[in-house]
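*Asks:* Read off the chains here:
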Amino acid sequence: MTFSGWATIVLFAVILTALAMPLGSYMAKVYTGKRVFLSPLLGGPERALYAILRVDPKQQQDWKAYAKSLLFFSLAGWLLLYAILRTQNAFFVPHALNPLGYHPAPWNVTFNTVSSFVTNTNWQYYSGETTMSYLSQMIGLTVQNWLSAATGIVVAVALIRGIVGRSGKGLGNFWGDMVRTVLYLLGPISVIGALVLVSQGVIENFTTYLTAHTITGLTQTIAMGPVASQEVIKELGTNGGGFFNVNSAHPFENPTAFTNLFEMLLVLLIPASLVFAYGRMTGNRRQGIAIYTTMIVMFLGAVTVAYIAEAHGSPAQHAAGLHTHVISGSGGGNMEGKEQRFGIAGSALFDVVTTVTSCGAVNSAIESFTGIGGAVPFANLSASEVIFGGVGTGLYSILLYVLLAVFIGGLMVGRTPEWLGKKIEAREIKLAGLGILITPLAALFCTAMATASKGGRASISDLSVGPQGFSETFYAYLSQANNNGSAFAGYTGFIQPNAGNLGSHGVTFADLLGGFDMLFARFAPILFALAVAGSLAGKRVSPAGLGTMRTDNSTFVVLLIGVIVLVGALTFFPALLLGPIVQGLTGHLY
Amino acid sequence: MRRDILTSVIAIVVFTILLGLVYPLFITGVSQVAFPGNANGQKIYVNGKLVGSKLIGQSFSSPVIGKNGKPEEKEEELVTEPDAKYFQSRPSATEGGAYNAASSTFSNRGPNDKATEEADAENIKAYLELNTPYDPTLTVARIPVDAVNTSGSNLDPEISQANAWIQAHRIAAKRGLSLSTVNGLISKYTDSRGLGFSGEPGVNVLELNLALDRLTRGK
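As you go down the protein sequences, you meet chains E and C in turn. For the first sequence, my numbering gives the first residue as 1, with consecutive numbering after it. For the second sequence, my numbering gives the first residue as 1, with consecutive numbering after it.
It is possible that part of the hints are untrue.
For lysine to aspartate or glutamate, the following EDC-like pairs were computed, each having C-alpha atoms within a straight-line distance of at most 20 Å [as the list claims (entries may be wrong)]:
hint, chain 1, residue 1, chain 2, residue 2
1, C, Lys54, C, Glu207
2, E, Lys64, C, Glu81
3, C, Lys114, E, Asp462
4, E, Lys68, C, Asp4
5, E, Lys169, E, Asp56
6, E, Lys58, C, Asp4
7, C, Lys70, C, Glu81
8, C, Lys49, C, Asp213
Hints listed in this document are in silico derivations from the structure and should not be mistaken for laboratory results.
Produce the complete structure using the sequences and hints provided.
*Replies:* Below is the structure:
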């Protein structure tokens, strides 16, 4: 460990908080229909979009209507993306947009990929530079990077409206919220962010792959593409699907230590700001600060563990005789699968940033993390991505936990639980409970299926013997259920002997199980969150009395952390024991 | 219901045009005008010939010439050996030969895998064989981890300073330069931490090797 390593971690948290507060206020204005400084510029396009879609953003939808619009829109996106990916070498595709003449990937891998991008998961069995044409990357995957992110955000906004609503059942208008999210929030940050990335070395072009003749007489083919425009929304929308196979470890996606910081900030920016927006919209900023505190405490805890574990080095390194402590000119540690420019701290921090959120981008190989270092992303996923979480998904998930904590707190003091003046009753608790448990259920069910069946074990990497094989499988379905998309990348669902998909085939079992895992664990919790919103929206608000449990002080923060840890630990501990914990406790090699 | 379907269809088409065509083409246009070098991958040319990208690591090995005068091949891959007069990059395990930038990949070596230990041990042996003749005090305890662990992308363009300082002994001897000249070049091509505090300093191997060639040719 080094001073600069710790400084990176602390300064990152400070910069994040400083940026998230003002952006939270801005978002609260955007979603309550107030004018913002971009209104003069974007008001015109906004009205034009409403006219083209023939929607009235002021028309209120109840939770069922809101959910219906959301589901149909997601379905339309799914079908279009499937069509685009399966026709990437069709006659109507211009050569310049598929310069290497790549064939489409097989149906089963495409099913997995499409489900993955529509659900904001961005799990990738394929490798970008050997599978996707520029056209597929651009009008297929990039578009879903935007839309799946916006979908998550509007659900969180609708839930907040339900919580604070005082006028009937309306949760807002899905189409209006989508348009405003794209134009006022994702749009400006993406355009500026993409140009910042290019200015630091991220590529953005449509030229064919380069052929270099090296000074020692070898040839090197270098993949190209419109990377920056996708990279920025990949991080900002907590999508995480890499343009290239190695994602943000690739120097063309993440060329310097500065872009590494910048990309991490993009990932956490919206999830963190939404928490402050929530405080603003409830009319009590302390509500937002309490949740933010909960998140940042758990976040820093996770980073600390990961950094210490990775700086210590791995059993395999020590068995080979390597010394892994800091020496002059080298940061030491477990550098297997890590890039020199990021070092141990930059890799550990990135790993935590992208696994507490549903981003799942990686700048180092999680499979090569030490047992304990690798247990950190496991733990983050086991907490169901509520520590910041995905854009929108994080907030609506933690609000379900808040509901549960309020209920438990209410039971302890023996009063009817109230939340922001609204009585919490059986219906809300049932819905919240289901919303919370559905993701772990999907993850554990799929892991059990995959470990117990021959079809599932076929996906385990040849290298991964013993607990590593189980960790790999468990991580795959846990990550897909949480719509995260990071991977112990040895787990495979796609066999591709040649670039361009000729002669390739998918592993149907892993592709389909994973695809359904993602779709189910994405849309079921969304429906439960919207149902909770609908149920709360119609309730009368009563003034807080003496016995009302407060949800904006430190006692509540402790209670909330306790509930999150308890639910996560109780559901996942047995499975975690079999994989990462065994590996963390042993020096034995398999 | 029909209303929702119709709106969904219009919306997905409109958003696809806006976000899938207008947006990326706009970013590409601005990037190509404002940052043409970066947007196209920081290509490096020597005598008008493309030799690589500043950002993408390379293998500094030479093809082994067989008895028949042609480069040897084994399992359809070129057989190569490290070119001792160049700084060597980190080990790379991309398919189809090291530093294949058309197909980036993780090595996925687990922390408790025997295979990882074996790979490390093999890399340590090779590193010692290459460098100990020029730096007799070198032992496994002094080898920096980056010199024997594969990187994330397996395309890492950089090595640690400690790794470069060890190799400097070999380079100086092979090229008839003084150690301080070589170390001076290393400092010149070291990228410091991001914003002064983030990440680790790293030495760009391709730039360093090209600078060495320019220096020795000038003599």
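*Asks:* Indicate, hint by hint, whether the structure satisfies it.
*Replies:* Outcome of the hint check:
1. A threshold of 20 Å between alpha carbons decides the hint, and for Lys54 (chain C) with Glu207 (chain C) the separation of about 7 Å falls inside it, so the pair holds.
2. A C-alpha spacing of about 66 Å is found between Lys64 (chain E) and Glu81 (chain C), which places the hinted pair above 20 Å, so the restraint is violated.
3. Among the hinted pairs, Lys114 (chain C) with Asp462 (chain E) is consistent with the structure: their alpha-carbon atoms are about 12 Å apart, no more than 20 Å.
4. Taking the CA atoms of Lys68 (chain E) and Asp4 (chain C), the gap is about 8 Å. The hint holds against a cut of 20 Å.
5. Simply put, Lys169 (chain E) and Asp56 (chain E) have alpha-carbon atoms about 17 Å apart, close enough for the 20 Å limit, and the pair holds.
6. Between Lys58 (chain E) and Asp4 (chain C) the CA atoms are separated by roughly 16 Å; this keeps the pair inside 20 Å, and the hint holds.
7. The suggested pairing of Lys70 (chain C) with Glu81 (chain C) holds, with an alpha-carbon distance near 15 Å, which does not exceed 20 Å.
8. This hinted pair checks out: Lys49 (chain C) and Asp213 (chain C) have alpha carbons roughly 15 Å apart, not beyond 20 Å.
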